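> Turn these sequences into a full structure, and let the hints guide you.
Number of protein chains: 4
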Amino acid sequence: MSSTWGEKVKISVFGESHGNGIGVVIDGLPSGFKIDRERLLVQVGRRAPGGDLTSTPRKESDLPKIMSGVLNGVTTGAPLCAVIKNTNTRSGDYANLMTCPRPGHSDYTAFVKYNGFNDISGGGHFSGRLTAPLVFAGGICRQILEEKGIKIGGHISEIAGIRDKSFDPVNIDSQLIDRLSSEKFPLIDKSVEEKMRNAVEEARLDLDSVGGIVECAVIGLPAGLGGPMFGGVEGLIASAIFGVPAVKGIEFGKGFGLAQMRGSQSNDPFEYSDGRVVTKTNNCGGILGGITNAMPVVFRACIKPTPSIAKEQDTVDLQKKCNAKLSVQGRHDPCIVPRAVSVIEACTAVALMNL
Amino acid sequence: MSSTWGEKVKISVFGESHGNGIGVVIDGLPSGFKIDRERLLVQVGRRAPGGDLTSTPRKESDLPKIMSGVLNGVTTGAPLCAVIKNTNTRSGDYANLMTCPRPGHSDYTAFVKYNGFNDISGGGHFSGRLTAPLVFAGGICRQILEEKGIKIGGHISEIAGIRDKSFDPVNIDSQLIDRLSSEKFPLIDKSVEEKMRNAVEEARLDLDSVGGIVECAVIGLPAGLGGPMFGGVEGLIASAIFGVPAVKGIEFGKGFGLAQMRGSQSNDPFEYSDGRVVTKTNNCGGILGGITNAMPVVFRACIKPTPSIAKEQDTVDLQKKCNAKLSVQGRHDPCIVPRAVSVIEACTAVALMNL
Amino acid sequence: MSSTWGEKVKISVFGESHGNGIGVVIDGLPSGFKIDRERLLVQVGRRAPGGDLTSTPRKESDLPKIMSGVLNGVTTGAPLCAVIKNTNTRSGDYANLMTCPRPGHSDYTAFVKYNGFNDISGGGHFSGRLTAPLVFAGGICRQILEEKGIKIGGHISEIAGIRDKSFDPVNIDSQLIDRLSSEKFPLIDKSVEEKMRNAVEEARLDLDSVGGIVECAVIGLPAGLGGPMFGGVEGLIASAIFGVPAVKGIEFGKGFGLAQMRGSQSNDPFEYSDGRVVTKTNNCGGILGGITNAMPVVFRACIKPTPSIAKEQDTVDLQKKCNAKLSVQGRHDPCIVPRAVSVIEACTAVALMNL
Amino acid sequence: MSSTWGEKVKISVFGESHGNGIGVVIDGLPSGFKIDRERLLVQVGRRAPGGDLTSTPRKESDLPKIMSGVLNGVTTGAPLCAVIKNTNTRSGDYANLMTCPRPGHSDYTAFVKYNGFNDISGGGHFSGRLTAPLVFAGGICRQILEEKGIKIGGHISEIAGIRDKSFDPVNIDSQLIDRLSSEKFPLIDKSVEEKMRNAVEEARLDLDSVGGIVECAVIGLPAGLGGPMFGGVEGLIASAIFGVPAVKGIEFGKGFGLAQMRGSQSNDPFEYSDGRVVTKTNNCGGILGGITNAMPVVFRACIKPTPSIAKEQDTVDLQKKCNAKLSVQGRHDPCIVPRAVSVIEACTAVALMNL
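Going down the list, the protein sequences come from chains G, C, B and W. Start counting the first sequence at 61; every next residue gets the next number (this note's numbering). Start counting the second sequence at 61; every next residue gets the next number (this note's numbering). Start counting the third sequence at 61; every next residue gets the next number (this note's numbering). Start counting the fourth sequence at 61; every next residue gets the next number (this note's numbering).
Keep in mind the hints are simulated off the structure, nothing from the lab. There may be inaccurate statements among the hints.
[What the hints assert, rightly or not] Some chain G residues near chain C, calculated using beta-carbon distances under 8 Å:
1) 172
2) 287
3) 288
4) 299
[Claimed, not checked] Quick partial rundown of chain W residues pointing at chain B, CB under 8 Å, derived from the structure:
5) 65
6) 166
7) 291
8) 299
9) 302
10) 308
11) 310
12) 344
13) 374
14) 383
Computed from a predicted structure; not experimentally measured. Idealized CB from N, CA, C, for every residue including glycine.
The following block contains the structure:
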């Protein structure tokens, strides 16, 4: 029951949506790494809402303050703590809000787990706001990885049934990764953007929301990382990615598509290319026996539709112990998939620091 | 890089396919639990090959010997170690086998990771045989869970594109779980069995193999287990399930299907039923905010086709550093999905002991 | 290489002496616990310097700000983060200070470990200031433990060779624990206070420092906590206590004195007392086979003399690569033993939360 | 509550004194290491009883059988499991033995913890026999460390008040370490051996037992290993050493002696010697700020007298709930200190593999 993750590089995320602040402690970073603040801000900005019809019009400053672990912009090797103050803290008593749990949210389950003592305003510790420190932590980790030639980039694979092209998993260009990992609405095929945005807008006008899929790739990993069984790269990445709220599934390589293939199709044949062992296809997503094979690691994660919708829904009244109706107030993202890309990339970066 | 898993109940799996033996240490079991040996053998038998056209005709005795942690059939609270001796150990020098890695296998990646010192005969530590101790460990854990009213059962959701019915996720009968969790070829709708077997047989005659999907359900879990972010039940189960060789994806509830739903459809409305809070649908798979909501936990895991196929495949010769051809010798399961059901149930049981 | 500790309750300490701030994240606290702020301040105050000749005259505000995990004074169950801002941050470039490492300090070893990138001003992450968040975290944990009847109290067992009485380990009064655990200079026998203070003052006038021993007791623990081998209570407490800078040894019960005893003396005979099993002596310090026996847990930890002394010492100049002389500037505690009592109690409290 | 230890190299010890077997799983060993079986047997033999008046005349074969992780004498990188079969298993029903717990033993505390379901015959999982797999695991780890120039050796510092010389902590000869780490009764000054043996024999004739102290040194460690706070080398070693039954205290360098020193004495002055930074004294035991300084790491651990004595002792009868008398039957070591040296060296080796 923990917001702490990792063995070699541990991150410990804290905060509640309307508390005094949110943040992260990153323990185990190497010393002597010069953090590129500009590039960190690009990542933080990708996750931040605003400037875009697909995300919420609230203004929010996600600029974190580094409390420790950095001296003159360079990591000291001590735990790095970064804090984002909430300007938007609780006012008044929210206790009576907790009568009608929002469907699709953690309201009810957190109520049971914490005996009603959890902070429910704005979702508390379960708020999507908590992904801001994750993106910050991942933003540092990805810079360290890039120095070793390892790059991470994702795109919106699908929103509301509208699909982007997929990565060509045997041949992912470094420039494509660079482009995707700096955009707020990253797509391989930009021609689908308008359709996706229209679908999101349509849902918004219906007081509803939509889900989607993020596809993420890692290039530059050497062969031989990971291990058998519970030490496998799939399990490592999955346990980090399921830390992202709203993720309900993950598949590597062809994933669920493998169920309909034969071994002669799904097995990736080896061949020599420029003296290196490569595979002709990459159905395994760059991982065999839990260990990287130096091909791109490719996975897809599905994101459920934003549960906060203005449309009236059935729920219960926990005080009166009867059925009830609920319309979630406030302005909420009708689609969090574009913002989720940066969060998933970030969690992948943190995960890979543990290899 | 570890074959050890868990916090409260730790399992440590060891062994190589053709070494002296394989086994597991289970640390953290409660004392005073009377193990039902007959029911344990049912589970071990479900995973064991033989007696069935879908699995390999090799004879193998998977009867484990308990070395410690049990006195007169009752757990002592000390670590339980169980060992299965290999009757079928290495003979001769296999070193020269390692020239041509089998596509879809860990041969190449393990070779890189272990600098060629890994035991490759029969797949070594990466062999599917290593799932035997997992099923044994899970078999004990599930008995302990059942005493608390928690039951785990899975079925073959799909083989070679042929589909069984899905669980009705709001209403999973205890008797259905009992039936599925004792069968070697568990199906909700037995009428698809023949089609599935035919598809497997067809692949076998083609010197090929097929993959599939396992759907697994847990009933009887109380609400409030799990936690936010990295403490979520999805991440916990996923990290255990990806420990099973050949699993390449996992989805909870509607999973990837959520990508095409709207929030108003995917949110599970709450209602009172007999004084208990339930949900009318169960698209979230029994988990909200990483925490159980007392509805059945339902997930699906995809299993890639058996990589060992007799059909000729392209590979490389690592000694001569050139491309090569390979036909995998020996008799191999053309489809491991039926056996995988018991392994996935077992890993789920071990995972749930950590809640 | 980690400032994170614990399994069930994890603490993650961050900060550097002259950075932006120091603090702690505590993950795994129960929800619904009302924190007694006054009693927390007593603990924080015991560790804080000032008001006492044995400690440094610097003014320092150790009042932490709670960022998360607490709502209206009650724990929410989410990670609790508390931050103490540094008012006294770095000014100027300290890089050239790192030429002559202070004997007895981490200066040299941290320089090697972090390749010179660590923050050395004020000791950086190795500063005794980092014990402030520990005392804060322990202060909350001890309140939770006290609700279960478990109390922790320590005293200055020895300073500069001058000894306080020892606990009577079979009979430790709750009122004694209450008194000791609220005092800044806790002694069982207050008549030795003056002698101890004089010894400290003498050292100070000599531009020197003194060490000592802290004895700590825990009462109210039930029998049966802990476990064999690496799960033992001794190892658990020791690994937490060695997290306190300057601790170089720990012994439980008679500890090193056992070396000169015979089994017939050291074995603690059992007897019934008021229907409960107790021991007539308590040479084992309340722990047998790594497991509590319901007698008081008693241990002693030694504290080395403050390494920062004004007296000239031999050292090296790492730039010029030659031997050098050094007098440590600034005002430093000539004896940290009194303040260490509260830190050791705090770490014990955190450790016991993991049982 | 765990017999599992370690992060990078995990050991998982299992078995009960009179069960089917005892053993260990070592996960995380490097691949390609050729195990020197002869030298491993030397270590196993040092711990084994027999051939010596100070230890028990029971015959016991501690030759472990390697089940996995080794191929042709070379580590494969997969988990290494080694099993020692018990030839001396339970016969009859020992249940009624558990009425009168032996003073100084885990009988009572294990009874409470495991609700009476633990295996008590021969001490069960708490038996000193469980140190055999520890010595085996440590024996492999020390060979790997030696290849990196790191050597571990201990000696009997004290038995029954009779003292051996101490290490000169600034100058520990590799040959001395080699000699000590191969002897069954290792002493720096062999002239005290007879006195020690006489004291042990005297205790034996008195139906009693004696305790002692082991001093252990590690040479060849580079500077910069370990970390601040809970990542310190002292805490790491201590948590491993307290896994050894009968250890009740540990001190590094001057340890408790530091309490009576001044800072000007206890601080170890740095100086250049042959271009390397060394310290003139080594009161800190080679560790500053939790990090190695390349001087020898030196620590002492105290061992309580063997609790099993033939002399009549007071105890309780847990069935009749009254006081009782007990003489422990069977032949027991009157002094386990000589055998403990090899166990402490072994645990140190395992601990250092985690740096």
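> All hints, please: hold or fail.
Do the hints match the structure? See the list:
The interface hint given for residue 172/G is met, as the beta carbon of that residue sits about 4 Å from the closest beta carbon of chain C, less than 8 Å. The closest approach between the C-beta of residue 287/G and any C-beta of chain C is roughly 3 Å, which is under the 8 Å cut-off, so the hint is satisfied. Using the Cβ-Cβ criterion of 8 Å, the hint placing residue 288/G at the interface with chain C is satisfied: the shortest such distance is roughly 5 Å. Restraint check, residue 299/G versus chain C: the minimum CB separation of about 4 Å is within 8 Å; hint holds.
About 4 Å separates the beta-carbon of residue 65/W from the nearest beta-carbon of chain B, less than 8 Å, and the hint is met. About 2 Å separates the beta-carbon of residue 166/W from the nearest beta-carbon of chain B, less than 8 Å, and the hint is met. Because the beta carbon of residue 291/W sits about 4 Å from the nearest beta carbon in chain B, less than 8 Å, this interface hint is met. Restraint check, residue 299/W versus chain B: the minimum CB separation of about 4 Å is within 8 Å; hint holds.
Hint status for residue 302/W: holds, given a least beta-carbon distance of 3 Å to chain B, under 8 Å. Checking residue 308/W against chain B by beta carbon gives a least distance of about 5 Å; that is within 8 Å, so the hint holds. Interface restraint check for residue 310/W: the shortest CB-CB distance to chain B comes to about 6 Å, inside 8 Å, so the restraint holds. Annotation: interface hint on residue 344/W holds; nearest CB of chain B at approximately 7 Å, less than 8 Å.
For residue 374/W, the interface hint holds, the least distance from its beta-carbon to any beta-carbon of chain B being 4 Å, beneath 8 Å. Using the Cβ-Cβ criterion of 8 Å, the hint placing residue 383/W at the interface with chain B is satisfied: the shortest such distance is roughly 5 Å.
Checked against the numbered hints given earlier, this structure breaks none of them.
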